[in-house]
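*Asks:* Work out the full structure, taking the sequences as your base and the hints as a guide.
Now for the letters of each chain:
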Amino acid sequence: MAMLGTMIADASAGAESRLRAQIATLERRLRKRDEQRRAMLHIMGDLNESNKRLANQRKAMLHILADYEQDRRRLARQTERLDNSRRAVLHILQDSHKDKSRLEASRKAMIHIMGDLRETTGEMQRREQELRDKQEQLVQAGKLATLGELTTGVAHELNNPLNNIGLFVGNAVDLIELAVTEKGQIVGELRHAMQQVSKATEIISHLRTFGRAAPVNREAISLREVIARALSLMREQLRLREIEVTVDLGPEEPLVVGNEIQLEQVFINLLTNARDAVAESPRKQIRIAAAAGSGVVEVTVADSGHGIPPGLERRIFDPFFTTKQVGKGTGLGLSITYGIINEHGGTISVVSPPGDGATFLIHLPLAPAGTKRASP
Amino acid sequence: MTPLSVLIVDDDPALLQALPQALRLRMGGVTVETADSATAALERIAAQDYDAIVTDIKMPGMDGLALLAEIRTRRPETPTLIITGHGENELAVHALRGGACDFIQKPIDRDYFVAALYRAIRAHVLNRRVKDRQQALACCAEELERVVQKLERENS
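Line order of the protein sequences matches chains A and B.
For what it's worth, my numbering labels the leading residue of the first sequence as 1137, then goes sequentially.
For what it's worth, my numbering labels the leading residue of the second sequence as 12, then goes sequentially.
Bear in mind the hints are in silico, worked out from the structure with no lab data behind them.
Quantities reported herein were computed from a predicted structural model and do not represent experimental measurements.
Certain hints may be false.
[To be verified] Once the Cα atoms are required to be at most 25 Å apart in a straight line, the calculated SDA-like pairs of lysine to any residue come out as:
#1 A:K1335 - B:D23
#2 A:K1420 - B:G40
#3 A:K1319 - B:D122
#4 A:K1420 - B:D122
#5 A:K1319 - B:D22
#6 A:K1319 - B:G40
#7 A:K1319 - B:V41
[Claimed, not checked] Simulated restraints, written as ranges between beta carbons of each label pair:
#8 B:H97 - A:R1263: 42 to 52 Å
#9 B:L137 - A:I1312: 43 to 53 Å
#10 A:T1436 - B:D120: 41 to 51 Å
#11 A:E1318 - B:K142: 50 to 60 Å
#12 B:R35 - A:S1341: 45 to 55 Å
[Claimed, not checked] Some chain B residues near chain A, calculated using beta-carbon distances under 7 Å:
#13 L36
#14 S48
#15 P71
#16 M73
#17 K117
Glycine is no exception: its CB is placed at the ideal position from the N, C-alpha and C atoms.
*Replies:* Quick look at the structure:
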C-alpha cells in the first residue's frame, strides 16, 4: 500500500505533473491561441480597415470609372465631332481644290484677257498714233490750202521787189556803161537793190516756215508776235483791198504755250475769212483785240462784213462747210482753226448780231506765270 | 524844144525811186515826177500837162484803171501807160480798151519800157502835130475861101 500509496502517490504525482504539464501546455496553447485570436482580431481589424479602405477605394474607383466613362463618352463625342470636322475639312479641301482649279481656270482666262487687253491697247495706241498722224496731215493739208489761197497775193508781193531789183541793178549797169565816175550813185542803186532782195527773202522764208511740215512742238510763245507774223503775210492783200486793220493787244505781253505755226494759221484763216467777208462792204474794217485775264487771254477778231446768216453759226466750224463759191474756199479753214484752238486747250466761238459783222472770240490759257519765252 | 515830162504813179516807194532813175538815165533830159496814189496823181494832172503818164494797175483806193478813166476825161490827149503784173493779160486788155496806149508787164524790161514810152510820146507829139497841121490847113482853107469870095465879088 505505501507502495500502492506511493505508487498511487507516484501515480497521482505523475498524473498531476502530466496534468500540470497538460495545463501548462494548454495554457500555452491558450495564450498562443489568445495571441493568435488577438492577432487575428488585429488582423481582422486590419482587414476590416483594409476592407473599408478597399470599399472606399472601390467607391473612388467607381467614381473614377464614372468620370472615366464620362470622359470616354465626351471623348467619343469629340472624336465624332472631330471626325465630322475632318470630313468637313476634307470637303472643304475638296472644294478648295475645286476652287483652286476654278481659280486656275480664272487665272488662265485672266491671262488671256490681259493678253487681249494688251493687244487691244497696242491696237488702240496704233490707232491713236494713226489718228495723230492723220490730224497732222490734216493740219498740213489745211496749211497748204491756206498757202494756196495766199499764193496769189504773195506772188504779187514777190513780183514787186523782184521788179525793183531789176530796175535798180539795171540803173547801176547803165551808170557803169555811161562811165559815170561817181561811185556813190552806183553804190546807192545797188544798196537799194539789196534792200529789195532782203524784202523778197523775208517773204519767201516766212512762206517756207509756214508751209514746212514741222513736228508740232509746244513752247511759250508771244501772242503779239504770232498775230504780227500772220498780219505780215496778209498785209499786201489787205492793203490792196483797202481793208483797215486795227490791232489793240493792250499793254500786256501775253504768252501762251503752243505751236507758233499753228496759231499763226489760226489768225491767217480768220483774217482770210474777214478779208472775204468785208469784200462787198462799204466800210472795210478788221479789228483784232486781246485782253489778258486771270490765266486766260481773250482774243477777238471782228470784221465789218455782212455777218453770218442766222442758224449757220454752229455749222461754220464743220469741216468742208463753206459759204464761199466753189473753188474759192476749201471749207477747211475754220474747222482746222477750231481743232488747233481745241488742241491748245482753248475755245473759239462766233457772234454775229444781224447787220454788224462777225466777231470770232478765242480764249486761250496763258502760260504759267514765270514761264520764259522760247527764243524765236 | 521843151524837155519831156513824165508822171509815174505807184504805191511802192522803191519803184518810185528806181523807175524815174532808169528813165533819167535812158532818156536824156526827161523830167520825171512821181505820185504815190491815184488821188495825188489827179492833183498833179490838174496842175500840169504831162507828155505821158505811167501808172501801176494795182493800188489801194482808186486803182490804175479808175485813174485811167479819170485821165481820159480830164486830159484825153495825154498818153497813158499801165503797169500790170506778170500774166495779167485780162487786165491789160481791159486797160487797152479803157484807152491806155500800151501796157508794161512787171518785172519791167527797161528797153521795152523806154521804147514803149518813146513810142507813146512820139505818137502823142505826132498826133498833136497832125492836129496843128489840120488846124493850120483849116485856117488856110478859110483864108482861101475868103480870097475866092473876094475874087468872085471883084469879077462880078
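*Asks:* Run every hint past the structure and note whether it holds.
*Replies:* Evaluated hints:
1. A:K1335 - B:D23: 13 Å, holds
2. A:K1420 - B:G40: Cα-Cα ~44 Å, so violated.
3. A:K1319 - B:D122: 24 Å, holds
4. A:K1420 - B:D122: 40 Å, violated
5. A:K1319 - B:D22: 29 Å, violated
6. A:K1319 - B:G40: Within the cut-off at roughly 22 Å; holds.
7. A:K1319 - B:V41: This hinted pair holds, its Cα atoms lying about 23 Å apart.
8. B:H97 - A:R1263: 42 to 52 Å: Given about 48 Å between the Cβ atoms, the range holds.
9. B:L137 - A:I1312: 43 to 53 Å: Violated - the Cβ-Cβ distance for B:L137 and A:I1312, about 35 Å, lies outside 43 to 53 Å.
10. A:T1436 - B:D120: 41 to 51 Å: Given about 47 Å between the Cβ atoms, the range holds.
11. A:E1318 - B:K142: 50 to 60 Å: 43 Å, violated
12. B:R35 - A:S1341: 45 to 55 Å: This hint is violated: roughly 34 Å between Cβ atoms.
13. L36: 4 Å, holds
14. S48: 11 Å, violated
15. P71: With a minimum Cβ separation of about 5 Å from chain A (threshold 7 Å), the hint on B:P71 holds.
16. M73: 10 Å, violated
17. K117: 5 Å, holds
Taken one by one, the earlier hints fail for this structure at numbers 2, 4, 5, 9, 11, 12, 14 and 16, listed in ascending order.
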